[in-house]
Amino acid sequence: MKKVEITGAEMFARSLADEGVEYLFGYPGGAVLHIYDALYQQEKVKHILVRHEQAATHAADGYARATGKPGVVLVTSGPGATNAVTGIATAYLDSIPMVVFTGQVPTDMIGNDAFQEVDSVGITRPCVKHNFLVKDLSELTSTIKKAFYVATTGRPGPVVVDIPKDITAQRGEYNYPSKVSIRSYNPVVKGHIGQIKRAVELMMKAKRPMLYTGGGVVLDNASDELTELTKTLNFPITQTLMGLGAYPATDKQFVGMLGMHGTYEANMGMHNCDVLIAIGARFDDRVTGNIEKFCPDARIIHLDIDPASISKNVKVDVPIVGGVKSVLQDMLKLLKSGDYKTDMDAVALWWEQILEWRSKDCLKFDATGKIIKPQMVVQKLYEVTNGDAYVTSDVGQHQMWAAQYYKFDKPRRWINSGGLGTMGFGMPAAMGVQLAYPDATVACITGEGSIQMNIQELSTLKQYGLPIKVITLNNGMLGMVRQWQEFFYQKRYAMSYMESLPDFVKLAESYGHTGMRIEKPEDVEGALREAMKIRDRVVFMDFITDSEENVYPMIPAGAGQNEMILV
Amino acid sequence: MRHIISILIENEAGALSRVAGLFSARGYNIESLTVAPTNDPSLSRMTLVTSGTDEIIEQITKQLNKLIDVVKLQDMTEGVHMEREMMLVKVRVANHQEREDVKRFSDIFRGRVIDVSEETYTIEVTGSTSKLDAFIKNLSKIQVLELVRSGVIGIARGEKILSL
Ligand SMILES: Cc1ncc(C[n+]2csc(CCOP(=O)(O)OP(=O)(O)O)c2C)c(N)n1
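First to last, the protein sequences are chains A and B. Every letter in the first sequence is one number past the one before it in my numbering, and letter 550, counting from 1, is 550. Every letter in the second sequence is one number past the one before it in my numbering, and letter 67, counting from 1, is 67.
Take these hints with a grain of salt, some might be off.
To be verified - List time: in silico PhoX-like cross-link candidates among lysine-lysine, alpha-carbon distance up to 20 Å: (1) B:62 - A:312; (2) B:90 - B:62; (3) B:131 - A:312; (4) A:135 - A:145; (5) B:160 - A:190; (6) A:315 - B:90; (7) A:69 - A:231; (8) A:197 - A:336; (9) A:190 - B:62; (10) A:364 - A:407; (11) B:103 - B:131; (12) B:131 - B:72; (13) A:231 - A:341; (14) A:293 - A:315; (15) A:44 - A:3.
Quick caveat, the hints were computed from the structure, so don't treat them as lab data.
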């Protein structure tokens with residue numbers, strides 16, 4: 001029988017289809033033209049043409065965060081690859097599964113400073129989980145398989161595959177492996193049962209316990225287990241910016257987000273706890289504040305899939321390496337055995353203390369004035385969408401207000417760049433979410449600074465009919481920068497004011513969308529209700545908000561968690 | 001404290017730069033680094049000498065283990081081990097006395113003169129880092145023209161092995 005030979009480019013397209021890839025976010029160019037030609041001639045993998053490669057990576061990232069499936073990107077060599085780097089780093093810092101294919105100049109030209117050549121593997125090395133250069137057609141499909149395997153297992157992360165152009169033109173027999181193994185890569189899922197027992201025993205002794213959970217719970221789809229554990233223990237729970245939604249925010253055991261802009265009760269709870277149970281969280285500096293002052297009385301349990309996260313910033317007493325879901329299931333089994341009892345009396349007293357802290361109502365704000373308060377917009381958005389929207393955000397004050405005032409009851413609903421803090425993330429990410437869930441309400445809460453970093457994607461949204469809602473909290477300032485300048489630089493507002501902002505209503509209209517400008521507090525709710533009814537195009541809502549407003553509470557850099565600035 | 005970390009790593013282009021990049025990106029120091037293929041051609045063995053507190057060394061080993069290309073790793077310093085480094089030194093020997101001195105030093109350190117010219121000797125010495133340091137110190141009166149050290153390699157004593 002004669003062997004059927006196809007090109008590397010065709011193998012690429014078929015591999016993605018066999019991998020179950022639904023959407024490929026990308027932008028063409030010389031080095032990937034063979035691949036684009038192959039994509040053109042098939043229907044299984046749908047290609048979304050963005051307007052800038054950075055947006056391709058964020059869109060794939062948003063898709064991945066909302067669905068749990070890996071996001072997939074294709075860009076050309078040189079500038080295509082460098083434009084993608086910000087998005088790759090964004091996914092890396094938040095451990096998002098993503099596979100990015102970069103075109104490369106032909107093999108025999110590599111190293112010659114050829115047209116549109118950059119060392120993509122070298123440039124991306126510090127911000128990927130792993131990367132590959134495909135050196136031979138015979139390795140193409142197995143490398144693609146490995147890339148998906150590495151990106152989605154263990155602690156997830158972005159993987160780059162660099163493919164020289166000549167390889168996509170060569171012909172060979174197609175064979176996509178159903179499984180791969182890598183001898184040097186064997187992520188642990190099951191936790192050590194002895195350690196899990198020690199952790200449970202410590203939890204039973206706790207008089208002032210605190211659950212502190214992060215993005216790892218979301219990534220491992222362990223919300224149900226976390227919720228059951230929290231309920232069983234009756235311990236207070238706080239979540240990081242990345243963890244929001246894993247435990248329902250409307251539940252009374254949830255004390256709010258912690259960290260730099262966390263609630264008073266969450267941060268005071270952290271500071272005063274005697275047993276800290278960290279789950280899928282990594283003791284980021286925005287969470288801990290001054291490490292020297294962090295949780296002075298606590299013995300610490302830390303569950304994480306990545307051993308390198310454990311005892312990196314804070315020395316822990318009971319480390320558990322394993323998948324969150326699997327380990328929480330083991331913990332629940334132990335708790336159900338009946339051999340373990342929490343110190344209910346002590347915990348009841350602890351709750352009294354926490355409720356006293358909570359009664360400070362640290363997120364209250366005065367919305368009686370004539371200018372729209374940004375917090376109020378988020379609150380109204382929450383009401384109007386019944387708390388059921390997918391919310392993406394950019395970076396700045398608006399991001400913190402979104403996290404504080406939109407109460408996420410489900411995981412994968414809150415999509416933001418926590419680790420890298422990438423302005424320009426929100427709108428492309430929303431694009432990826434809306435593609436994954438065409439009928440869902442997807443809102444991008446942004447600032448007039450951030451939105452301009454990837455505003456060109458209004459065009460992509462039009463092309464694919466993605467009706468996201470852009471909620472711009474337009475304070476006419478790079479608000480978060482201005483806030484720091486107000487607090488720490490005696491109000492010297494260096495470059496935090498932007499002159500000549502565009503008329504966002506006209507801008508949206510020129511792309512074929514609907515624009516709205518909302519200036520009065522009493523118009524906020526009505527405008528939001530009206531916008532939510534529009535399902536066939538983007539509604540760009542420009543809320544003119546109080547430019548003096550600050551995000552509270554705030555732990556200043558270098559301070560401990562108990563040293564918050566309140567309103 | 002000083003640690004000798006031995007790594008079995010995939011013998012692939014880029015593997016070395018992943019390790020070197022990790023050290024520079026995270027600000028860990030490298031005293032020496034050597035790498036060469038092993039009897040299994042798919043694997044290279046890398047020996048890294050670094051120093052730091054216990055916490056830093058723990059992070060270094062964890063971060064190294066996290067690299068996909070790293071197959072296996074051992075901190076030699078945790079057990080009894082042998083370490084060797086080779087040094088080649090070219091010195092100026094202008095007169096009889098200097099020639100005698102250099103020969104005597106190298107005998108004491110079990111070194112060998114491996115090349116001579118009218119005014120130079122090249123000596124090969126092998127041993128632990130501290131032995132080589134001591135040798136250089138002893139040469140203080142002699143003019144060193146060139147000095148090259150291989151970096152440390154190490155292996156555990158007895159039955160303990162680092163292999164797949
Ligand atoms: C790409 C990028 N550049 C710079 C920053 C630093 N930065 C953080 S917040 C911020 C201001 C954001 O302003 P805006 O989007 O208007 O939001 P606001 O804080 O006013 O809500 C800046 C410049 C960043 N996070 N990302």
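Verification of the hints:
1. B:62 - A:312: holds (10 Å)
2. B:90 - B:62: Since the Cα atoms of residue 90 of chain B and residue 62 of chain B sit roughly 40 Å apart, the hinted pair is violated (cutoff 20 Å).
3. B:131 - A:312: Outside the cut-off at roughly 35 Å; violated.
4. A:135 - A:145: Holds, because 15 Å separates the two Cα atoms, which is no more than 20 Å.
5. B:160 - A:190: violated (28 Å)
6. A:315 - B:90: Answer violated: residue 315 of chain A to residue 90 of chain B is near 49 Å, above 20 Å.
7. A:69 - A:231: violated (29 Å)
8. A:197 - A:336: holds (13 Å)
9. A:190 - B:62: Holds. Residue 190 of chain A to residue 62 of chain B sits at ~18 Å (cutoff 20 Å).
10. A:364 - A:407: Holds: residue 364 of chain A and residue 407 of chain A sit about 15 Å apart, inside 20 Å.
11. B:103 - B:131: holds (17 Å)
12. B:131 - B:72: Violated: residue 131 of chain B and residue 72 of chain B sit about 29 Å apart, past 20 Å.
13. A:231 - A:341: With a Cα-Cα distance of about 14 Å, the restraint between residue 231 of chain A and residue 341 of chain A holds, given a limit of 20 Å.
14. A:293 - A:315: holds (13 Å)
15. A:44 - A:3: Roughly 24 Å separates the two Cα atoms, so the pair is violated.
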